[in-house]
Amino acid sequence: MPYEILEKFELGNSGTIFEMVLKTPLIAKKAYAGNFIIVRVNETGERIPLTIADYDREKESITLTIQVVGKSTKLLCNLRVGDKILDVVGPLGNRIHIEKYEHPIVVIGGGIGIAPCYIQAKELKEAGNKIITILGARSKGLLIWKDRMNSVSDELIITTNDGSEGIQGVVTDPLKKIIQEKKISLVIAIGPLVMMKYVVLTTNGSGGLPRVKTFVSLNTIMIDGTGMCGSCRFSTLDGGVQFACVDGPDVDGHIVDFDNLLKRANRFLEQEKHSLECYDEECRALEKHKREVT
Amino acid sequence: MGNQRSSIDIVKNNKGKKRLKNKKRPKMIEQDPSERIKNFAEVSLGLTEEMVELETQRCLQCENPLCVAGCPVNIKIPQFIKLLKEKKYKKALYKIKTDNLLPAICGRVCPQETQCEEACVLNKLGEPIAIGQLERFIADWERKNNLKECPECAVPKGIKVAVIGAGPAGLACAGELAMSGYDVTIFEAFHIGGGVLSYGIPQFRLPKEIIKSEIETLEMLNVKLEYNIIIGKTLTIEDLKEIGFKAFFIGVGAGLPIFLRVPGLNLNGVLTANEFLTRSNLMKAFKFPDYDTPIKIGKIVTVIGGGNVALDSARTALRLGAEKVIVVYRRSEAEMPARREEYHHALEEGIIFQFLTNPVKFIGDENDDLKQMEVIKMELGEHDESGRRRPIPIESSEYLIDTDTIIIGIGTKANPIITKSIPELKISKRGYIKTDENFQTNIEEIFAGGDIVTGAATVISAMGAGKRAAHGIDKFLQEKYINKKE
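Residue numbers (the working numbering), protein chains in the order written: chain A, 1 to 294; chain B, 1 to 486.
Check each hint, because a few of them may be wrong.
Subject to a maximum C-alpha distance of 35 Å in a straight line, what follows is the list of computed DSBU-like cross-link-like pairs (lysine-lysine) [unchecked claim]: (1) A/K30 - B/K23; (2) A/K146 - A/K183; (3) A/K263 - B/K284; (4) A/K273 - B/K208.
What the hints contain is simulated information worked out from the structure, not anything from laboratory work.
For reference, chain A alone in the conformation it holds in the complex:
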């Protein structure tokens, strides 16, 4: 049963980030913040994990935000409203822990990671928590879901690397200030691995700053998403091994060996590049053919 694309549009103005709403009746019924799905676009496609950024139980749909980085994401983003995706499976992974914390929660979203922050902030806000949000992007055009994040935040701080919007700098700049000034119960960080690494280094109790419990969301390379292949595994600082798919995807950031994870994330770089080149060539040939026909 293929899964229909109900909505699809570009976010920001970079030409690489898209929002997609998918009709997935069973998944929409069970989805919560923290869950992800695995998608296989077509018969020759690979299985890629995507975090559920929002769900609508009435419309029986889930929302994804996708950034074009390789062939599979490009293939997905080239689809249009009404097109169908061959396989979608989920909801996978663990739902985040929801409770009313004593002190505010700082939610940090970086780049494409902003969207999955939304549903976490929303569920935590609904549980009565005070939410301080920090959004970070390279520049203004890459900032996504600002209004939606604003709607679930008590305070919203924006940082851009080039200063085109909000504070010029990185997300850890305001984070340092916040944890120095007031008591924070929890930090949630979703974004590029490097960003999450530095958030964790900020909250791990070093450098004279207080230690704050920090959850990060790991979007590692996966195949099945059910604990079977072990492709998504990561090292913990005490020498253990955990699986992002079944132990996470949201895990205690202070136990993650980010340096190993950063190296593991690049292990198919060569093949990913080759795959994208082949696809681009295919697309160009198809365009040329179309032009010749018309």
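The hints should help you fit chain B onto chain A, whose structure is shown.
Relative to chain A, chain B alone:
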């Protein structure tokens, strides 16, 4: 298809009638090793009609056939061989399919040498009847002739049964229930059926078209297949009860990889056999970039383990272009659990075996890329609980092996996703589901069988469990819903 070879020793008697020499069985035609390591096509090509004719003549048609008792699903072996001998192929097929709906699969991957063929009385005189090859022959004959034979189903009972997992146990259970007239739906987590047959066993041992074709037979029996559904996540047993399912068979296998506890496990280049084989088999990474899933293969690949999974990984690595493939196993050749046939094929293909060797540590460079593996030599000590002699490390015998890919194939364990979603379900300490002799769990409408009950075993034992569980389910449903109506 390249070079092929077979050996068949045929002699003619003075009346010109042919028979097989020296009480030997015919040997299947196989792709030449030097050719086959360059492709993913099937290694064994089966028997010819002439070989089948001669081989069926050797069957003694025992009145009390031991082979049938040796088969986990009790196929009526002498009867189907007799029908083959009489060239009543269609009837022979029916005879098998009443007991086993997946003969093309079983003919290829069952360890007949330890089951039906081990029990064959001809073992005492020479070689046993090549039962597996005959089973495969007739199943292939059906497919080659585009036939789709399936036994007749009983009158529909209008009772819905859910089978969880489309692996060997689930497929066998579903087929048996469908034949008994139940309305069966199989729920499968992956996008195709077959379970370990699809993600675990390589194309060159079991072509995926065969699995597809045998699943189509089930669909002819009105078995419905729902893919991309994880019971315990997408739907729960409770959800299924709400939509009218009256009984459940859990056949989800033992899918989780067991890891070695050695330093360097997360270096790039170290992966589980599950990941390696799933990439290649299920996702067809061997056809990259035509298929999008990548696979990385080093120059020197080391596979750890001595079972079929380890050997499948080693032979796949070779076909993907590894220059050297070494299998490292901590016990000796005699204790290796892999099928002899596969070991033999692996040797022919040039796989190197290093027995009585165990990994100590994986060593990488500054980029966390694997470079070497430190191993230690082992010797065999006293017998352990598995009945095999326990391997013991020899002190100060460590040495280094250069390698850039390590594939860990030392076994699998239960996946807790489904059992966690049914907290009342009784499981063992290791997470396997507890059942009684009818494959019934402590929850009366839930049955289970295959690797999720026994731990990792063979395809046919899972099928046997699925089939017998179907009888248990039938008995339960008859008592609860059917006999009550009367």
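Hint check against the structure, violated hint numbers in rising order:
Violated hint (a single one): 1; every other hint is consistent with the structure.
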